[in-house]
Every structure is written in structure tokens, then in C-alpha cells.
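So you can see what is in the structure, the chains are spelled out below.
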Amino acid sequence: MSEEQKSTKTRRIVPIGPYHPLQEEPEFFKLIVEGETVVDMEINIGYNHRGHEFISPELTYDQIPFLVERICGICSNSHPLACVLAIEDCAGIEPPPRANYIRSIIHELERIHSHLLWVGLGGHFIGYNTVWMWAWKYREHVLQVFEMITGNRNHYAANKPGGVRRDISKEQVPQVLAALDLAEEKTKLLTNAVLDDPVILGRLANVGILTKADAIAYSTVGPTSRGSGVPWDVRKDDPHAAYAEVPWDRVVFEEGDVLAKAKVRLLETFESIKIVRGCLENLPDGPIEARIEEIPPGEGIGHTEAPRGEVFHYIRSDGSNRPLRHKVRAPSFMNIASNVVAVRGGSIADAALTLAAVDPCYCCTERMAAFEDGRLKYTWNDLLKLSWQKTERLREKLK
Amino acid sequence: MSWSGWGLAFNFLIFPGFLFSAVVGLVLTWVDRIVSARVQYRRGPPVFQPFADLFKLLLKQTIVPDGASKTVFLLAPMLGLAAMCLTSGLLFYVNFNPQGSFVGDLIVLVYLLGLAPLALVIGASASRNPLSAVGASREMMLYFGYELPFLLALLVPIIKSGGAIRLGELIVAQQAGGPFLYSISGVIAALIVLFTTQAKLGYVPFDMAEAEQEIMSGVFAEYSGASLAVFKLTKAMMLFLLPLFMITVFWGGFGDWWAILKFLLIVVLVVLMKNTNPRFRIDQALRFFWFILGVFGIVAVVLAFVRL
Amino acid sequence: MSRLGLWGLKKSPWVYHVAAASCNNCDIEILELLTPRYDVERFGVVLVGSPRHADALLVTGVINRKSLPRVMEVYEQAAKPCLVIGVGTCTCSNHMFKNSYNAVGPYDKHLPMHAFVPGCPPKPEAMILGVVKALSKL
Amino acid sequence: MREAEAGLRELIPEADVFEHNKRRLYIRIPREKITQAAKFLHQERGMRLSICTGIDTREGFEVLYHFSEDKTGTMYTLKVLAPKDDPKIESLASWFPSCDWIEREMSELLGIDFPGHPNMRPLLTSDTDWDKGKYPLRRDHERRAEEHED
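Protein chains in written order, with the working numbering: chain A, 1 to 399; chain B, 400 to 707; chain C, 708 to 845; chain D, 846 to 995.
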């Protein structure tokens, strides 16, 4: 069968998305395949375009961190951090040291949770649901730390121009450390389990290779480029927050395949744990925010290393309390484009894995309201009738 | 039991055919889910869960996608189900009545077990969905992959029983001389059949035909409502029948109560294998079946000839 | 007979997850529901890979011009009856994107919604409550 | 003075360098020189393109090419101005794939034309009922904020 398909060379299009279980977000990849081999790919994005850069100039500098936080729910500290760094760069102020340390702590905790999340999803993508469940179980420890120190499991709202919004109290420090110990132990277990499994290695090694030259040409960032031997890491290159003051190392692998990216992420988790420990141990006393009187006309650039790579924010100010222009660049914008070269020549199964390997992030409280209140009960037939009616109307609309 | 008239209808539809194997199969899918859940630190669903799934699916709307050929699309699931009912009837009949089996029923059984993946391929191809087409081609390739070692492994009991292709004779031979499993060739052959069972069931690591994350449930992508329910039921029955087949051929049939324990052991083994492996790529799976299991199959056959 | 189906639907709602211009957070929290801490498989909830198998669509995010036709297509493809549950504040009110040129929500303008779960993101417990409340109306 | 800065000054004498602080450099260059400057920064100095920003200003459309020199952690920003009546800037995408998407995005959201782009389709808004000829990031785009009461 496979020989026959190869000989006829019929090209088919296999769509991945816009709604596809591979991705949590809508995105459309058109794989052009011969048999099972992918020969080319088209990427169609924009299902997630919400117009942040359009809304941002309508908001004040104090409001913008909340907006950019909602670019992405996984790296929901990276965008506000880069944004406030840009604002501080524009205004020329330095946050107090304690604020810097707290920023680093939250940023690295986020990296731990994000990398564990990716490992879990990576397991899910290759059909290994046990890895998914285990990784996410251990990730819960980090989310609980977040809930304790910032008040929310996601969307921490930690940063503000000039400092941070919430302090970490003395009582919380040992609790965070305890959670970290637990997370480290379990992550070690997971790392060994994942990297020693021959079948996993068989699936990941030599798959979706992104060469160093391509990584540079496409300007990929973060683990995607560090897995291809390009050592760019904004935390080391352009140190901000407290990254210059605690010891940690870059993680770089040369192979460029999916396995290298997975290794980068798993080992970075331990580096992050190291950073958080270092920061908590040396946490300086003092205020947590610097007062900003005004933002002078000018421009500012802030960038930071999100779990997926460099987040870049550019602010142009005209001296008022709203920016004139606010440019946001999420890491996946660069990384996803590089998929086109990485998937060529692989099979469909590999393509799915390769697309997932860059940890794509395309976008980069509790009350309950029942839709119609009262004691209205639907019967099975009512439900069917209602659904069918609505479907008919939709069909009319779609035509 | 008899092979005629109402008795035959009863055998086919109620016991041990459709109804009985369906109920047991559904309970087994619950076992599958609860064991998976426990491996993953979860609680898992209640025992009635598969039945709730089934009733819901049966009563939901069944959509025939635009451009699909309606008859083939809707009849394909029935083909697999009918094959499984027959398999069930045949297996139970020969186990309780070893003298009554007919010549070549082993071969009939092999083909009946092959009908279920064939039904999937037919149905998926009829649905005109590109992802289903990929799933169908994978299922077909996988079928060609595992059928070779499967047949080689089945040669082992045939050789050991002195050339019998009647299931009844195999059972009688095992009752007389001990199960075929308790020998080197038997163990190798049984392991091959275990892997094949995994592939026939479409469980990880051989679930590439319905890879949810790659090709959106692949072969099942366009099925909904009752026809999906029939497919799920077929899979559930296979989860019941394939270990049963294995016991019949290798582990002395199920004449005694130990069979239940053996049976559960095989099911749990299959489920554990499912939960501790990632999915193979289709070419890796083919290589595994042909070049590793195929070689082992030949070794087992040779060993069986020298009575090891 | 239909009561049996209704019982089945209540006991085994298979969900399909539709993200339309969301920030990923609700989506991740939906997946979180399946993992050991919350484990909604206890209640028979399973995440399925094809909209044809879905009994409930969990929609997240502000809907935008490009994703709107796709979301409606997904709803049309789903086998009926199919509940639609909006997760997150974005689905109820467009959240902070109401001034955007690309947001065309909220969802109830376009789809028959059965429940909304507000929150940014709602806690997993709230999502479970949302699905339960939507089902209890059946 | 930084090596890259000196090289750039030598290559483009009319470059106007503004040092915001020691890690942020803004260099205004004429529109025609962008390919030359970008090639120098990327191919000779090994810099990575972070992103391009398009801004609608009073003088015209300003496009900023943010290059990051990761060895020193310095951001070099090339500034190019295109007048409003002729919003055209030479495309870099043919030799520099990083520019592909961002140029497409700028052309659809800001209406700047990039002649020489190999694949100038809309990036975010293809196959939608997008209002052609309306560019949301221009200053004259209508804002919905006034329609609503906050």
C-alpha cells in the first residue's frame, strides 16, 4: 500500500486545524502530503487576532499590563514584565531591588509551570497520556504557589510600571521552598522516565530538525533556537530583574530535533528552580515599587525571556498618560514561521509533533450564570428541535 | 447448543453472541478506563459509564457527511459488529463443545477478526474526509503489518497439536498435554499475539489509525451517533474476544474457572501496555511487526517443529 | 427511550473544545479539568477529538471575524443535541476587547448558548459547576 | 564606540544615531538604504531581527527594525520613514525569512507597501469580510470606544 502510494505521487492536502485537538488554539496548517510524507506546508494564522496593539493606545500605562497579560494565559507574566520594562526604559527609572527579585521569582515559577505543561502536552501528542497526567499533577504544586503569592492560579497581575503589585511575605517563603522541593523531586522522576524510554526516544530523535542556519535565518528564539545550538537567552544577554545576581546556566543542545527541544525544556526547569531558590534566599528588604511621576516623550524597548523565547515590547510615548504606539512581539511569531522548514520530509505524525515542539502559543473570579434562569427543563425532543432549528439558521447564514 | 433454527438465532443474538459479549465488553472497557485512571493517579469513571455512553450515542443524531456514500458509510460498522457476534458464537461453541467444531474454523476465525479493521477502512474511506483517509490508509498498513506475525504465531499451536486447524482439536490437545503456552515457542507466540491484540484493538502504541492528536480521531472522525456507537461496541467486544481467543489457542481454553483470572490478567496487561507507551509512527510499527515480531514468529515456528 | 438518552447525556457529556481567539488560559484550565487533581472523567466527561462526537462544545475566547465562520461550522458539524457552554468572561461580554476592530462577540449573538462560566479564567471548580448546571436543566 | 555602530556609520554616512541608553540605540537611515543596513547587521554582525514596528506618525509611516545583538545585549533599532503619499519600503523577505510575516502584517494593518515581497497575502485577515482599504493601526481609523459608554 505504501509503495503504491509513493509511486503514484498523488499530492493530498491534510488540514491541521483551525480546530484540531493538537492545539488549544485555532490555527490552520495545510500539510501538502504525498502518501504519509509531508512535502510542504502553508500556515494560516489570524484566528486569534484580537487587536491588542489597537486597544493598547486607548489605555493608560497602569492599565496596559492587565491588557497584555491577556495576550497569553500561559506566559501571563512575560508580557506584562516586558511591557513594564519598556515603560521603565522609556521613563528611565529603575525598580527597587526587592521588586526585581520578586519579578524574577514569579517569572521563573511561570517557566516551571509552562515547561511542565509542555512536557505533559508533548506526551499527550504522542499518545502517552500517562506522561500528560503526571506532568500536570506535578505542575499543580506550582499553581498552588501562584495562588498563594499572587492570588490567582493564572493571570498573576504581578507587575506594574516601577515595581510589583504584591509582596512576598516572610511566612510564604518556606512554603514556596517546600513546594519547589516537591516539584524538583517529581520533575527529576519525570525527566528520567521520559528520557530513558526507548520508544519515546524513537519517536522524538531526528524528527523535525531545524538546522542552526535556519534557526538564525528565521530568527527563532527561546528553547526552539537553543535546541538548535543557538545560545540566545535574553536573561543572560540583556540581564534585567535579578537574573544577573543569582547563579544559573544556559541550556543549549546542538541537534535541533524535537528531542533536543524537549531536553532543553526539561533541564531548564531545574535551572528555574535554582533561580527561584537563589532569589528567595537573597531576597533584599525594602520597598516593592518606585514612584513614576510621568512618562516623558520618547521610546522604550523591553524584552524578556518568556518560556517560549524572547517577548519584545516597544512603547512610544508622547508625554501623555497613554502610549502613542505599543508593539508586541510574542516568541511564537518567529518560531511558528520556522515550522515550514522543519516539517518538510517528515511524516504526518512527525509533522504534528514538530508543530507542537516549538510550544506554539498563538495568542500570545468565579461566578456562574445559567443562561436562562427559572425552572425551564428541556426534554430530549425539545433539545433536538432547538438544535436543529439553530443549525438550519446557521446554514442559511453560512451560505 | 445447537446449530439450527431458533437456537442459532439465540446463539447469535443473545448468548454468547451479540448481547452477552456486548455487555461483558462494555464492562471491560470500564476496567480499561479505571485501570488507566489509577495508573494516572485519577479516580476514573463509575461502572455504568460505558452504558451511559452507549445509550447516549445510540439516540443521538447520526450525520452522514456530504459527499459520502450513505449505504456504505452506514453499513460498514454493522459489518464489524456482525463479524464480532459470529466470532463470539464460534469461540464459545467450540470451547464448551470441542467435538462439534468444523474443519478450518481457526481460519474462519482469523478472517472474522480481520473483518473489524476492514469495516473501519471501508467506513472511513466512504466518508470522504481527508483525515479519515489518512486514518484508513494507516489502518490498512497496520493490518498488513500485524497479520504476518499473527499468522506465524498461530502456526505454533497448529504444529504443536500435530497439524490441527480445528479449534476443538487444539483445545482437546491442550487438555491432554497441557497448554501450549508452557513452552518456549508458546511463550514467544503468545507474546506476538499479545502485541497483535494491542494493534487489533487500536490501543497505544498502535493507535495511529485513530490518533486523536494527529488526525482528529482519524477513521472515526466523521462518525457520529448510532454508527459511532456500533463502532465503539465492536471495539468493546474485541476487547472481550481477543483475550478469549488467546486463551483458547494458547492457554488451555476456558473449561475451568481459572480462565476468568487468566482472562483478566491478559486484559490488565493490555491496558498497562497502553498506558506506558507512546504511539509509534506507522513506519516504526511496520518495522516492528515485520522485522522484529516476524523474525520472532519464524523462530517460534522453528522451535515448535523441534518441540521446544 | 428518549429518557434513556437524556440520562446518557447527563452521565456522559463528551466535550469538544473550541477556542476562538482566546488567551489560552481557559483552554489550559479546561485541560486541567481532565488531569488528576480534578479528574472529570469521574463524571463521564471525556475530551473528544472530533466535533462529530461532541455532546457539549466548550467555547472560549472573544470570537473574531476569522474564527466566527469556523466556530459556526464546528457547531453545525456536531451531532445534535449539543450543548454550548461559554467558558471565561470573554465569551459573555468580549471582556477587555470590546473596542477591538476584530471582535464580533459575544457568543449569544451567534450560537445557542446553554451556559456561561464567567471568570478570567474561571477556576476549574467553577467550570465543573457550569457544566453541571447546564446539564441539570435538561 | 561600538563596532557595529562604527561599521554602520561608515557604510551609511548619513545615518543619524541616537543613544537612548547604553543598551538601546536608535539609528535613523534613509529609506533606500534599509536593505544595505539590514544585510550589514544580520549577515556581517550576526544580529537577530527581533521584530519590525510600523508607526503612523505626523511625518509619515515610520518603520522600525529592531535588531538584537545578543553577544552584548544591545538593541539596534533602524528607523526608516516613508511619506504618507508614497508608503513604500523595499522588502527584505526575499533574503531574510524573519521579515516575511511581519511585513505582511504591517501591510495589512498599516497599509505600507513592501515591493519585492515574494508572497504578499494578508497574514491575519485572509478569508474574512475584512474592510479592504481600512487600516486599523492608522491614526485615522475609527475607534469604537466612542460608540460605547464606559
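A hint or two may mislead.
Below, a list of computed lysine to aspartate or glutamate pairs in the EDC-like style, where the Cα atoms sit at most 16 angstroms apart [unchecked claim]:
id, chain 1, residue 1, chain 2, residue 2
1, D, K878, D, E859
2, D, K924, D, D861
3, C, K830, A, E147
4, D, K916, A, D237
5, D, K924, D, E864
6, D, K867, A, E42
7, C, K830, A, E140
8, C, K805, A, E53
9, C, K805, D, E987
These are computed hints drawn from the structure, not numbers from a lab. Quick caveat: nothing in here was measured; it's all calculated off a predicted structure.
field: Unsatisfied constraints (hint numbers, rising)
entry: 6
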